[in-house]
Amino acid sequence: MGNTISRRTLLRRGAVLAGALPFAGSLLNPAQAAPSVTGHAATPFSSEGWTEREIALNAVEPLKARLFANENPFGPSDKAKEAIMNTLPVSYQYPMRSMGDLSQKIADFEKVKQENIFLASGSSPLLMAAALAYYKPGCNVVTGDPSYADLPSKAQRIGAKWVKVPLTTEYKLDLDAMEKAIDDNTVLVYICNPNNPTATVVDNAKLKSFCDRVSKKVTVFIDEAYIDYLDDPQGTTLIPMVNTGSNIIVARTFSKLYGFAGLRIGYVVTQPETIKKLSLYTEASMSISTTTLQAAIASYQDREFLDGALKKTIASKSYLYDVLKKEGYMYVPSSTNFVLFPIKMDGKQFTDEMMKRGVGVRFWKFNNQDWCRISIGRMDEMEAFASAFKEIS
Amino acid sequence: MKSILFAGVLLLAGLGVRAQDSTGGRALTMEEYEKAKTFSVADPDKDTYVKFENAYILDHNGFGKPYFITGDDGKKKRIDLYKLILKDGRVELGTVIYYTTETGKRYTACMPGYKAPPAVWRKYFEDIHAIDKEEQFFVLKLSYVLSEELGYQLYRSGMGGGGAVSREAGT
Numbered sequence: 001m002g003n004t005i006s007r008r009t010l011l012r013r014g015a016v017l018a019g020a021l022p023f024a025g026s027l028l029n030p031a032q033a034a035p036s037v038t039g040h041a042a043t044p045f046s047s048e049g050w051t052e053r054e055i056a057l058n059a060v061e062p063l064k065a066r067l068f069a070n071e072n073p074f075g076p077s078d079k080a081k082e083a084i085m086n087t088l089p090v091s092y093q094y095p096m097r098s099m100g101d102l103s104q105k106i107a108d109f110e111k112v113k114q115e116n117i118f119l120a121s122g123s124s125p126l127l128m129a130a131a132l133a134y135y136k137p138g139c140n141v142v143t144g145d146p147s148y149a150d151l152p153s154k155a156q157r158i159g160a161k162w163v164k165v166p167l168t169t170e171y172k173l174d175l176d177a178m179e180k181a182i183d184d185n186t187v188l189v190y191i192c193n194p195n196n197p198t199a200t201v202v203d204n205a206k207l208k209s210f211c212d213r214v215s216k217k218v219t220v221f222i223d224e225a226y227i228d229y230l231d232d233p234q235g236t237t238l239i240p241m242v243n244t245g246s247n248i249i250v251a252r253t254f255s256k257l258y259g260f261a262g263l264r265i266g267y268v269v270t271q272p273e274t275i276k277k278l279s280l281y282t283e284a285s286m287s288i289s290t291t292t293l294q295a296a297i298a299s300y301q302d303r304e305f306l307d308g309a310l311k312k313t314i315a316s317k318s319y320l321y322d323v324l325k326k327e328g329y330m331y332v333p334s335s336t337n338f339v340l341f342p343i344k345m346d347g348k349q350f351t352d353e354m355m356k357r358g359v360g361v362r363f364w365k366f367n368n369q370d371w372c373r374i375s376i377g378r379m380d381e382m383e384a385f386a387s388a389f390k391e392i393s
Numbered sequence: 394m395k396s397i398l399f400a401g402v403l404l405l406a407g408l409g410v411r412a413q414d415s416t417g418g419r420a421l422t423m424e425e426y427e428k429a430k431t432f433s434v435a436d437p438d439k440d441t442y443v444k445f446e447n448a449y450i451l452d453h454n455g456f457g458k459p460y461f462i463t464g465d466d467g468k469k470k471r472i473d474l475y476k477l478i479l480k481d482g483r484v485e486l487g488t489v490i491y492y493t494t495e496t497g498k499r500y501t502a503c504m505p506g507y508k509a510p511p512a513v514w515r516k517y518f519e520d521i522h523a524i525d526k527e528e529q530f531f532v533l534k535l536s537y538v539l540s541e542e543l544g545y546q547l548y549r550s551g552m553g554g555g556g557a558v559s560r561e562a563g564t
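If you read the protein sequences in the order shown, they are chains B and E.
In this text, residue positions in the first sequence follow my numbering: the first is 1, and each later residue adds one.
In this text, residue positions in the second sequence follow my numbering: the first is 394, and each later residue adds one.
Since the hints were made in silico from the structure, they are not lab data.
Certain hints may be false.
The calculated DMTMM-like cross-link candidates involving lysine to aspartate or glutamate, where the alpha carbons are at most 20 Å apart (straight line), are [to be verified]: (1) B:Lys356 - E:Asp438; (2) B:Lys64 - E:Asp440; (3) B:Lys356 - B:Glu383; (4) B:Lys113 - B:Glu273; (5) E:Lys444 - B:Glu383; (6) B:Lys344 - E:Glu446; (7) B:Lys81 - B:Glu304; (8) B:Lys356 - B:Asp108; (9) B:Lys390 - E:Glu446; (10) B:Lys348 - E:Asp438; (11) B:Lys311 - B:Asp322; (12) E:Lys439 - B:Glu391; (13) B:Lys325 - E:Asp481; (14) E:Lys444 - B:Glu273; (15) B:Lys356 - E:Asp440; (16) B:Lys326 - E:Glu446; (17) E:Lys480 - B:Glu327.
Every beta carbon over 10 Å from chain E, so not counted as near; a handful from chain B, in silico [stated by the list, open to error]: (18) Glu54; (19) Pro73; (20) Ser124; (21) Met128; (22) Val165; (23) Thr236; (24) Met241; (25) Thr291; (26) Lys311; (27) Lys312; (28) Tyr319; (29) Met330; (30) Gln349; (31) Glu353; (32) Lys356; (33) Asn368.
All C-beta atoms in this analysis are idealised placements derived from N, C-alpha and C, irrespective of residue type, glycine included.
Could you build the full structure based on these sequences and the hints that come with them?
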């Protein structure tokens, strides 16, 4: 339905001035054509814009390119799919034994003890458990801003203060400023490395040194969801620090490079006492299906699959960079399977227009700028993005 | 009708001084004015953001739903508004108006932005006057719509602007 105007109603309102509008439009809505000076505080959206869930529920069908949730469209691996099929006949059984099989496999690879590993249906239940387990009245959680909001938003929901520390000018976590932000009420410091949504990585030595100092005062939660996209995950991970008794929680997920986002499995590596603490607040292991567990066992460290997915991700990302450059856009160099770039219009309008063209992406607002975060998809999805983007760039 | 329109321009000149602040000093040229009238949006119900020549954008966002006006003669007209934006620098140059009659015939007008030269403004008034001769009450109905838009924009301004001020709240 449109606006229906009754002639009499309008005449009663008086003015009949066909030349009047241009004198009002720009004054009253400067953001429409000049997003860089938008009054972001007045928008109804958080700095994260719409979440993946909201985008998925409002997505057009069929979607040409699903690029809003940082999934890996090249997964899961053939070995994982085969394991799922083979496990179906025995899926009436509780997966007690296979939980141990997987955690042992991970422990062997990461050179930690099995008792240091706590599995769950994705890292989400573990983020929630940490928010609950560490909460106390008047507490706060320190994070970068913007960063992955799952844990701190949950902590905030139950009453904790969320202390947001702006990123550096290179869009990396500002570890120095984060350390300064810690006070007596800080119960958790949340580090997402590589960071989401900026896809940046902090200097490894600096992070280790940060964790060394800070973990003596407060628990550091390091979310390594995207670490598998780095050139040297083993050289970057902080899991070895668990062996030296550090008060850290390192979270990993199969949802990204392994392509298990819909299968749901993740884990943390931490001290056994911390696992005891977390386990009070989540069903964790018993929430994992037997099919998913077997798929994870079958595909864990399957280098052939992982390297292949990485290669395809890099090719799609390179294509995206070319598209953005050609259209005159900048981007934050990405170490992951998503890219953040500043856009030249309102973020909500941008994602709406992209969605109308069958392409789902997310927007952010920070530093007085609207941003698009695009996940790296298959090449056909990136081409669909390019086609839609050219229409509105 | 022409004199009424010009009177409106003068009455609102003060407001206009502030309105052009976001246009970065760039104004609609006569050539662009003529070109904008040729820009066609295939389906206003779907096409809310359309680029032309990779240099201009017609953006319906912010204008809400289309206007439907049924006169005493029972004829239903539809009016769609689009901001005319220069892609380079995102400069608002004016407003493109699609006026669709009950038979589906579409008339296109381009209302210049405030800083457009007098010659462009004169041409706009002449053009809508010419359409009015062909399409009875075109200018009158256009003025209803633009009045409503002005009212909404003033309301938004009074409320401090921003995207949270709904059109419905202002009516």
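Self-check item: Verdict on Glu54 (chain B) as a residue remote from chain E, using beta-carbon distances over 10 Å
Solution: With a cut-off of 10 Å, Glu54 (chain B) remains clear of chain E, as the shortest Cβ separation is near 16 Å.
Quiz item: In terms of Cβ atoms, is chain E entirely out of 10 Å range of Ser124 (chain B)?
Solution: 31 Å, holds
Quiz item: Does the claim that Lys312 (chain B) lies outside the interface with chain E hold up, using a Cβ gap greater than 10 Å?
Solution: 30 Å, holds
Self-check item: Beyond 10 Å from every chain E Cβ - status for Glu353 (chain B)
Solution: 5 Å, violated
Exercise. Would you check the hint for Lys64 (chain B) and Asp440 (chain E), treating anything up to 20 Å between C-alpha atoms as holding?
Key: 18 Å, holds
Quiz item: Is the nearest Cβ of chain E still more than 10 Å from the Cβ of Met241 (chain B)?
Solution: 45 Å, holds
Self-check item: Met128 (chain B) remote from chain E - nearest C-beta pair above 10 Å
Solution: 31 Å, holds
Self-check item: Interface exclusion of Gln349 (chain B) relative to chain E, criterion Cβ beyond 10 Å
Solution: 5 Å, violated
Quiz prompt | Given pair status - Asp438 (chain E), Lys348 (chain B), alpha carbons within 20 Å | solution = 19 Å, holds
Quiz prompt | Status of Tyr319 (chain B), Cβ more than 10 Å from any chain E Cβ | solution = Nearest chain E Cβ is 20 Å from Tyr319 (chain B), so the label holds.
Quiz item: If you draw a straight line from the CA of Lys356 (chain B) to the CA of Glu383 (chain B), is it 20 Å or shorter?
Solution: 16 Å, holds
Quiz item: Against chain E, does Thr236 (chain B) keep a CB gap of more than 10 Å to every residue?
Solution: 40 Å, holds
Figure legend: structure checked against the earlier numbered hints; hints not met, in rising order: 8, 14, 30, 31, 32.
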